[in-house]
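If you're matching positions, the sequence shown starts at 1 in my numbering and goes up one per residue.
Hints were generated in silico from the structure; no laboratory data involved. The beta-carbon is built from N, C-alpha and C at its ideal position, and this holds for glycine as well. Hints are supplied without guarantee of correctness; some may be wrong.
Listed next, with one range per pair, are the computed distances between beta-carbon atoms [claimed, not checked]:
1. I223 x K36: 21 to 27 Å
2. H67 x S157: 30 to 36 Å
3. K36 x Q247: 20 to 26 Å
4. S157 x N55: 30 to 36 Å
5. L161 x I249: 16 to 22 Å
6. D231 x P175: 18 to 24 Å
7. G162 x D64: 16 to 22 Å
8. E190 x S240: 16 to 22 Å
9. S227 x K36: 22 to 28 Å
10. T63 x P127: 22 to 28 Å
11. N55 x G106: 28 to 34 Å
12. E248 x R94: 43 to 49 Å
13. T63 x Y131: 27 to 33 Å
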Amino acid sequence: MCNDKLRVALVQLDLVDSSINLNMDKIRKTVLPLGKNKPDIIVIPELAIEGYNFNYVKQMSETDFNHIIMFYSDLAKEIGTMIVTGFVEKKHDRYYDAALCVDKTGKIIDIYRKFHLWGKESDFFTPGNQYSLLEVNGWKIGIGICADAGFPEFSRSLALLGADILVYISAWVKPYTDSWLLMCQARACENQMYVIGVNRIGFASGAECCGNSVAIDPAGCIISNLSEREDFSLIDLELSKVRQKRQEIPWLKMRKPSLYRL
Numbered sequence: 001m002c003n004d005k006l007r008v009a010l011v012q013l014d015l016v017d018s019s020i021n022l023n024m025d026k027i028r029k030t031v032l033p034l035g036k037n038k039p040d041i042i043v044i045p046e047l048a049i050e051g052y053n054f055n056y057v058k059q060m061s062e063t064d065f066n067h068i069i070m071f072y073s074d075l076a077k078e079i080g081t082m083i084v085t086g087f088v089e090k091k092h093d094r095y096y097d098a099a100l101c102v103d104k105t106g107k108i109i110d111i112y113r114k115f116h117l118w119g120k121e122s123d124f125f126t127p128g129n130q131y132s133l134l135e136v137n138g139w140k141i142g143i144g145i146c147a148d149a150g151f152p153e154f155s156r157s158l159a160l161l162g163a164d165i166l167v168y169i170s171a172w173v174k175p176y177t178d179s180w181l182l183m184c185q186a187r188a189c190e191n192q193m194y195v196i197g198v199n200r201i202g203f204a205s206g207a208e209c210c211g212n213s214v215a216i217d218p219a220g221c222i223i224s225n226l227s228e229r230e231d232f233s234l235i236d237l238e239l240s241k242v243r244q245k246r247q248e249i250p251w252l253k254m255r256k257p258s259l260y261r262l
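Using the sequences provided together with the hints, build the complete structure.
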């Protein structure tokens, strides 16, 4: 069934590298009360529990990795809401900067692996190579992580696959706040879809994250911004606005792929 409305909760947190239990406790205490607001999706930042101390991550056991996945699965099931969050995926001795997508029953419905690794991330993580497009209540939702927002080809590919909304989880750092906001707005405007960008505050691997978790409408206008505070916001999105904007100015239909050199 297709619902015109989709309620999304953006959760912006001050998280601590290498502090699994502390971060789990903070996430749980923040997210549990959101259940009464009946969001369809709760979005939590990139690498929210493990953080960016990669030497610490290397020492984590299989039990530790599984515990994190079960934590999110149990949390989603307890509140009856889908969760999209960042985590470290370890598979066949490779590490991925990934997004875990868990439905309201606690079932893992997808794992997206970050395409575009930032700086020294490429020394530790293996890049992904498959897009993630979920369907929730008739909405098609694309998933991206942090630096993916800097590539218009990435968001355009998801738009052409049918995405109505693009969710970025992030640990975007200062002094690039303006770039974060501008890129999120541009990705929304050029593809005429909602963009949800959920970032961290505090420090990640010694760099200060800039917060500014945002919800942006299909015209590229910011409809919610959490600035640099630890907080959450609840946003009601309307699928009819995506369709209206795409009919008003049919950018996607006006494309001339045969003329482009990418």
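Against the structure, the hints come out as follows:
The hinted range of 21 to 27 Å is satisfied by I223 and K36, whose Cβ atoms lie roughly 22 Å apart. One distance hint, 30 to 36 Å for the beta-carbon pair H67 and S157, holds here, with the actual separation near 34 Å. A hinted range of 20 to 26 Å is violated for the C-beta pair K36 and Q247, which are about 36 Å apart. As the Cβ distance of S157 to N55 is approximately 34 Å, the hint placing it in 30 to 36 Å holds.
Checked against the hint of 16 to 22 Å, the C-beta distance between L161 and I249 comes to roughly 20 Å, which is consistent with it. The beta-carbon spacing between D231 and P175, approximately 22 Å, falls within the hinted interval of 18 to 24 Å. Under the hint 16 to 22 Å, the C-beta atoms of G162 and D64, about 37 Å apart, miss the expected range. E190 and S240 have their C-beta atoms about 20 Å apart, which keeps the hinted 16 to 22 Å range intact.
Restraint check, S227 to K36: a C-beta distance of roughly 24 Å satisfies the suggested window 22 to 28 Å. The hinted window of 22 to 28 Å between T63 and P127 holds, with their beta carbons roughly 26 Å apart. Evaluation of the 28 to 34 Å hint for N55 and G106 yields a pass: the beta carbon distance comes to about 31 Å. Checked against the hint of 43 to 49 Å, the pair E248 and R94 passes, with Cβ atoms roughly 45 Å apart.
Taken as a hint, the range 27 to 33 Å holds for the pair T63 and Y131, whose Cβ atoms sit roughly 31 Å apart.
Checked against the numbered hints given earlier, this structure breaks hints 3 and 7; the rest are met.
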